[in-house]
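As they're listed, the protein sequences go chains A and B.
So the number in the working numbering is just where the residue sits in the first sequence, counting from 1, plus 1181.
So the number in the working numbering is just where the residue sits in the second sequence, counting from 1, plus 7.
To be clear, the hints were calculated from the coordinates, so they are not data collected in a lab.
Treat each hint with caution, since some may be false.
Some residues of chain B that are not near chain A, with every Cβ distance over 12 Å (derived) [to be verified]: (1) Arg70; (2) Arg105; (3) Ser106; (4) Asp107; (5) Pro309; (6) Gly312; (7) Ala476.
Label-pair ranges, simulated between beta-carbon atoms [as the list claims (entries may be wrong)]: (8) Gly50(B) to Pro1619(A): 34 to 42 Å; (9) Asp1253(A) to Arg39(B): 53 to 61 Å; (10) Arg39(B) to Pro1619(A): 22 to 30 Å.
These figures come from a predicted structure and were not determined experimentally.
Glycine is no exception: its CB is placed at the ideal position from the N, C-alpha and C atoms.
Each chain is listed here by its residues.
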Amino acid sequence: MLTEVLVRKDSYHDSVLLMRLSRELETKAGVVEAVVAMATPHNRDLLAARGFARPTLASAGPNDLVIALRLDGTTVAEAETVIDALLEGRPAAATAESQPVSLGAALALCPEINLVLISLPGEHAGREARRALAQDRHVMLFSDNVSVEEEVALKTLAHERGLLMMGPDCGTAIINGKPLAFANVVRRGKIGIVGAAGTGIQEISSCIHRLGGGVSQAIGTGGRDLSAAVGALTTLTGIQALGADPDTAVLVVVSKPPAAKVAAKVVAAVRATGKPAVVHFVGAPPHTRQRSQNVVFATSLAGAAKTACRLSGLRRRGRTPGFGHVLATRVARALGSEARLVGLFCGGTTGAEALALLTGAGIAVHSNLHKDGPLAIGAGAHVDGHLLLDLGDDELTRGRPHPMIEPELRNDRLVGDLEAPRPTLLLFDLVLGYGAHPDPAGVLARGLAAARARNPALVAVASVTGTDEDPQSFTSQRRRLLEAGVLVMPDNRTAADFVAAVLCRTTARRKASRPRKKASPAPATRAARQRGRR
Amino acid sequence: MTRAAELFGQPLAVLNLGLTSFADTLRQCGTRVVQVDWRPAAGGDREAMAALDALVGADGKARPEIANANQEAIRRLGAAKPVLEGIGVALEDIPGMRSDLVLHSGPPVPWELMSGPTRGAIMGALVYEGLAKSPEDAARLAQSGAVELAPCHHHQTVGPMAGVVTASMPVLKVRNVAFGNLAFATLNEGLGKVLRYGAYDDTVLERLRWMQRSLAPALGAALQAHGPLDLQALIAQALQMGDEGHNRNRAATSLVIRALAPHLVEGKTAPAEVGRVLRFLDANDHFFLNLSMAAAKAALDPTLGIPHSTLISAMARNGTEFGLRVSGLGERWFCAPAPMVDGLYLPGFSAADAAPDIGDSVITETYGIGGFAMAAAPAIVQFVGGRAADALRYTERMYAITMAEHAAYKIPALDFRGSPMGIDLLKVVDTGIVPVVNTGIAHKTPGIGMVGAGLVKPPLQCFVQALVAFAAEEQRGRR
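Modelling step: build the complete structure from the supplied sequences, incorporating the hints.
This is how it looks when you write it as structure tokens:
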């Protein structure tokens, strides 16, 4: 222990500054006690009482600075360096720009606010949303964990007031060309989208952009909007708004298959707009997809985008690339009859679309996206057969970021699920845009390299949801995947079709095809083949 | 239904509650975004949130009877006009004062639970009054129940730190001339080892005797010659000069000296004693604190007891508990354990020496000065983060929990905006923002005195309790 008393003659400093300095000094390693003060008689007495009595102290006056130190593990010179730094420069405290502290205060401050974006914890989100609606603001509610009862109450209030209540659990919207939460950078145009499916909106709007079309508005509704309980309240408001919007020429409505009564209401509302429209219920059986008047039913997200572009008057530019059947045959041969599919999806809707296409092709796939039935599994379950996981499942994301934000989650699964080396066909989606990870392809490439090191018999297939205007850039992400030896398909539908085609060419298909019901594998494969040839 | 379609024709302006990355994205895309510095209402307390929602609609408007009552409460607070009328004696002037009564700061607290500084001050005061022979004797007396202990607030009085007032002490008489009511406070003893910080040795008692014998009569005579001192005008001027009326009173103290000095010199007091009085005032930057506290008490008292009003009419601490009173709930106190002060320490002291938050001086914040006017006092921001911008932010924050802006107390650095005045219980609970309070720090051991100063956050808990009680009361009234 070293005790030292230094006096700096005629060095006046404000007492409050010195109090602060003493406190900061005592937080430094090796400083046991530090008093930096002006040598007033009172302070001299205090210091003496604390064992700092020295001749230098006794002769110091009120204009002299006293530095009294008790050090253990640091030197006086080091302590003085700290003191000088503190005396000279003020620490730059992080002083954030002052922000309003409540919704009410913010609206009073900026009355021009017309939309409130809420991503608070679910238990508080509903209350704030209700306040925003009561003060005539549109709401996008990103938060989940909001009860159905609360959702119905909020949407009823919004409906009465003619306001948009996007969500709860609404991850994507594009309003007036501005991306809200997770959204891709797409050209503005004539196609208006209403979607109860976040990555569905992302895939459709990205495909529209890549086809040369543009989006007027993309209205998210939250995944439960078309349930019987909620009754499509937001979807209907959205359809009506887009119907009245002079800048929207074509409507697209996308959702998981709704309750039958709700579907009829939605289709009727679309019809009532009189505008050409595309409706896509992801994974709905074919008989529910009858064309009626101005409404066309699409069979895939990419298909919905293509039809919407055509309806908006866009001339087809060249051929839509498909997959090569020669390639499918070669992959099937390379993998052999023991091949197993592992699909790891970040997007719920892209995953659901892939699952529906595979199921339609007669391939039995275990998935946490199945609501019930023998193939429904928990997200954490390990199965031997074909597997497709929605990694955004609440069970997997509780307490950690969504895999669109942190795709490392997929790498963990990628390595974990492939412990037994077995010929494996991997299927991925990559979702770009605002909100998503800055380099999902780079992360996936790393994971693949690790997986290949343990199991060389891997074939990876992927598609990228995004545009070249996205912060990550569609083209460079694709290139990165190609460099990593991934077979990159033009869109999510084609990727799933390709995988189905491969599996149908392996004997594995025969083993797995038992649970199929209506759709026979052969026509589906033919359909896939036809699409591929176009 | 056209509202949604209308949105498509307007420039998008977004309010973001939650993930700041969403706001960043929108800003990058050239969208107007306001980020809310959000915190859960009532600290996330479900019962309080339900109570709040019963009183305030989703449109942010309070029930009409509450709004009307608050309008009346804030009218009274704004109309207050405190003046220093004279110097009196506690026993003669304070209503209900007796020679065996000891007043202390904060809400009621029994001797057993009293903090070190309060006990020290009571011991000192009992010796000073001749009721006890020694501090030990005084402690026994206080414990025995032979003397009564009561809050200053119950006797139209306020006291800084321990806030101890006994019968023979001289007191400031402050009248709110708009409503006629009086408020009282003792004369400030200065810094260091003083009774209000729980010090009770001979020097402390000797100073108190001199104040009674010499200072009070001299000041009283000078004041009489000068006429009542307009405290609102003094506070307004001091805010222009770098004071905030609680932890910095250098300007206001100087203004008082300037006003009274000629009358002191012209009076009957011997020149040497006048010199001593002036030197005493000059050496004590906080002389004005007791005046600003009594002014605040005088201004706030007429707001207590307006049915349906959610104005906070008083806040006070006794070193054990922090307490507050709500206008519509009358004289009831809502209390929670007194917090520790986050501050800086005098040379040789540290947080380990500190007593919990103590004193009636938080009445200044209740009135809309003190911490609420910190933007006016950049010199003291060293206590609270070190940058002038911090002081501005503290004051700006308080507008979110207050009902109005004071017409006379203007803050230069905020373009002469009125100081945030009239704390609304509903707004505190709704925003989760508690009043910002500047304060001194007492040593936890009786007899030592002041060890530092800083900033204290009142416990949200007592505001939440008060709100739940208020909502219950309103509901009873409606039935």
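Each hint, compared with the structure:
Listed as outside the interface, Arg70(B) is consistent with that label: its C-beta sits roughly 15 Å from the nearest C-beta of chain A, beyond the 12 Å cut-off. Once the 12 Å rule is applied to beta carbons, Arg105(B) is consistent with being away from chain A; the minimum gap is 38 Å. Non-interface status of Ser106(B) relative to chain A is upheld: no Cβ of that chain comes within 12 Å, the nearest being about 36 Å off. Distance to chain A confirms Asp107(B) as a non-interface residue, since its nearest Cβ pair spans about 37 Å, more than 12 Å.
Every beta carbon of chain A lies more than 12 Å from that of Pro309(B), the smallest distance being close to 28 Å; the non-interface claim holds. Interface exclusion of Gly312(B) from chain A stands, the closest Cβ pair being 28 Å apart, more than 12 Å. The non-interface label for Ala476(B) is consistent with chain A: the shortest C-beta to C-beta separation is roughly 22 Å, beyond 12 Å. In this structure, Gly50(B) and Pro1619(A) meet the distance hint of 34 to 42 Å, their C-beta atoms being roughly 36 Å apart.
Distance hint check for Asp1253(A) and Arg39(B): the Cβ-Cβ separation is about 55 Å, which falls inside the suggested range of 53 to 61 Å. Remark: the range hint 22 to 30 Å for Arg39(B) to Pro1619(A) is upheld by a beta-carbon distance near 25 Å.
In terms of the numbered hints stated before, the structure departs from none.
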